[in-house]
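Here the protein sequences line up with chains C and U, keeping their order.
Residues in the first sequence are numbered from 294 upward in steps of one, following my numbering.
Residues in the second sequence are numbered from 486 upward in steps of one, following my numbering.
Wrong hints could be hidden among the right ones.
[Stated by the list, open to error] Derived coverage of chain U by chain C (criterion: at least 3 residues anywhere in the stretch with Cβ under 8 Å from a Cβ of chain C; other residues may be distant): (1) 541–550; (2) 570–582; (3) 730–737; (4) 794–800.
Please keep in mind that the hints were generated in silico from the structure rather than gathered at the bench.
Think of the CB as a built atom: it goes at the ideal place given N, C-alpha and C, for glycine as much as any other residue.
Spelled out, the chains give:
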Amino acid sequence: MAMPLIRKPFRFRRRSKLFRMSRFEKVVVFLLVLFSAFMLLPLVYIFNHAFKPYEELFVYPPTIWARNPSFQNFVELFQMTSDSVVPVTRYIFNSLSVAVLSVIAVTGVSALCAYPLSKHKFPGDKLVFATIMLTLLFAPETVSIPRYLVVSHLGIMNTYWGHILPMVAVPVGVFLMKQFIDQIPNELLESARLDGAREIMVFLRIVVPVILPAVATIGIISFQSAWGNTETSTLFMQDEQMKTFPFFISTLTTNMANNVARQGAAAAAALFMFIPNLIIFLVFQSKVIATMAHSGIK
Amino acid sequence: MSESSAQILKNNDAHSGMAVRTRGKASELLREMWRSRLSYLFIAPFMLCFIVFIMIPVVCAFALSFMSYNSLEPPRFISWSNFRYMISEDLLFLQYALPNTFKFAVIAGPCGYVASFLLAWLITILPGRSRKWFALAMYSPSLMGGVAMTIVWLPLLSGDRIGYLNSFMLEWGFISDPVLWVTSKEHLMTSMIVVTLWSSMGIGFLAMMAGILNVNPELYEAGRLDGIKSRLEEIWYITVPSMKPQMLFGAVMAIVGTFKAGSIGTELSGMNPTPQYAGHLIMNQIDDYGFIRFELGYASALSVFLLLLMYLSNKFCWGLFGSKGDE
C-alpha cells in the first residue's frame with residue numbers, strides 16, 4: 294500500500310499530449326510561443342553583445358543581432374586578464390568552488406531542517422518555523438553592518454568559510470522544502486518506521502526523492518546567488534587571492550576615466566558570467582521534468 | 486538506533502498526553518526535549534548558520550529601530566521617536582512611499598501571482614521535452630537581472646519619438662505627441678507595474694510548476710468520472726487544492742517580491758528620486774535613509790514597519806492556503 298503512493302506523484306501526465314489539445318488550447322500554446330520569444334530576446338542579446346565590435350556596442354537603441362561578429366572583445370578580455378596581479382584562473386577557481394560548495398551546503402542543510410519541521414513534533418517547532426518565516430520577510434539592506442561585525446568576530450575573514458557560511462542559511466530553502474514534505478502522507482513514513490527504518494534512512498530513502506524538484510529549484514537559485522555574489526568579496530575578503538570572479542569583473546569597468554574603455558571586455562565577461570547560470574538552470578530544470586517522465590513510462 | 490524511530494512515535498503520544506497532564510513543568514519539558522533530540526540534531530546545522538548570520542543581525546536591526554544611529558557615533562536610545570516621526574512627520578513617507586507601495590503591491594502582487602500560476606500550468610500541458618525551454622523563457626528575467634531591463638524596456642518605453650512604443654503608437658495614430666512613459670508622474674507607476682509583472686516569474690513560478698507536475702494524475706481521471714467537464718473546473722477543483730503548499734509558497738514569495746521591490750522605479754526613469762516621487766516606494770525610502778542620509782536607526786524603523794505590512798498580508802495568505810489538507 295505504501296510504495297505505490299510514492300510513485301504516483303512522479304508519473305508523466307499522459308493526457309498532456311499535443312494531439313489531445315482542443316482548439317482553444319492550440320491558440321493559447323501559439324500565444325505562449327510568441328510570448329516566450331519576446332521573453333528570450335535579452336538572452337539572445339547577451340550572446341550577441343559579446344561578439345559585437347566597438348562601433349556596434351554603443352548603438353542606440355541597442356541592436357539584438359551583431360552585424361559584424363568578431364572575437365575582438367574576447368581578445369581584449371584575455372589580454373587584460375593576463376596582466377592582472379593574481380592570475381584570473383585563481384578567481385575562477387575561487388568562484389567555482391564557492392558556488393559548488395554552497396549549492397551542496399544550502400540544499401543539504403535546508404532539507405535536513407525542513408524534514409523535522411514538517412513531520413516531527415518537538416518543543417519549539419512552531420517557534421522555529423515562525424522565526425524563519427519572519428526573517429524571510431525582513432529586508433536584508435539594514436543587516437549588513439551587524440553581519441560584518443559577526444563575520445569579523447568569528448575570524449573567518451579571508452577564508453573560504455567567509456564566502457560560504459553567510460550564504461548557507463536560506464530561509465526560502467527551508468520554506469519551499471517544508472511545503473513539499475508536507476505533501477508526503479504520514480502513513481508512508483510511519484510504515485517505514487514500523488519496518489525498522491532509522492530516521493536518517495526515512496529521510497534519505499523516502500523524503501529526499503520526493504522533494505527532488507524542490508532541491509533542484511533551491512539549487513538553481515543558490516547557485517545563481519553564490520556565482521554572482523560580489524558582496525562577500527568586497528566586505529569579508531581583503532586578500533586579493535581570495536576574491537571571486539564576479540568581483541574581478543566588476544573591477545574591469547569601474548575606476549576608469551571614461552566609460553567607453555573596456556566595455557568590450559565587459560560584454561565578453563558578462564557572457565562568461567551568464568553561461569554557468571544558464572547551464573545550471575537547464576540541467577536542474579530538466580532533472581525535475583525527467584524524474585517525473587521516467588517513473589511514468591514503466 | 487532503531488529505537489529512535491520508536492521514540493518519535495512515543496514522542497507524539499506524549500505530546501498529545503501533555504495537554505491532559507499538568508502543564509508548565511520544567512522537568513517534563515526537558516524530558517520532552519531529550520526525547521526529540523534527533524529532531525534537534527536534524528535542524529542543528531541550519532539553525533547554527535541561521536542564528537549567527539541572520540538572526541543576530543536581524544535582532545540588531547530591530548534594536549536599532551529604537552535608536553538614533555548614524556554609523557559614526559555610538560547608537561543612542563530614543564524609544565519610540567523613530568516610529569512617531571514616521572507616522573506623523575515624515576511627509577515623503579506618508580504622501581508618497583506608503584500609498585505608492587500599497588498601489589504597487591495590490592496590483593503587481595496578485596496579478597504577478599496569478600500570471601505565474603497560469604503560465605506554469607500552460608507549460609505543464611505542453612509535451613515534456615519543450616517544457617524546460619519555455620520555463621527558461623519565463624524565468625529568464627530573474628536569470629539575467631538588469632541586462633534585460635536596459636535592452637528591452639528602456640528602448641521600448643523611451644519618451645522620445647524613437648522609443649519603440651511611441652513610434653508605433655504615433656504611426657498608427659493612437660497618440661499625436663510622444664508619451665513620457667517613464668519620466669512623467671502619470672505613467673511611471675503603470676510602467677513599473679508592467680515591467681514587474683514581466684519579471685514576476687521567479688522562484689514561486691518554478692515551485693508552482695513543480696507542484697503542478699506533482700499532482701497525482703489519477704485524481705484527474707477520478708474527477709472526470711465525477712463530472713468535471715472543462716479544464717478550468719479541473720484547475721479549480723483538482724489542481725489548486727492538491728498543490729496548496731506550493732500555492733502558499735508562491736503567494737508568500739509574491740508578497741515578499743512586491744514589497745521588497747524598490748530599484749525598479751529609479752532604473753526605469755533613470756532618476757533618483759523618481760520624478761515627483763511618482764515611483765517612490767518604502768524600499769526607496771529605506772535606501773534613502775540608510776545609504777544617503779546615514780540615519781540607520783530610522784531606516785531600521787522603516788524596515789520594521791515594512792515587515793509588519795508583509796506579516797499582515799502573509800497572514801491573509803495562510804488563511805487562504807494554509808490549512809493542511811491531509812492531516
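Comparing the hints with the structure gives:
no.: 1; hint: 541–550; result: holds (count 6)
no.: 2; hint: 570–582; result: violated (count 0)
no.: 3; hint: 730–737; result: holds (count 5)
no.: 4; hint: 794–800; result: holds (count 3)
The structure does not agree with numbered hint 2 stated previously, though it agrees with all others.
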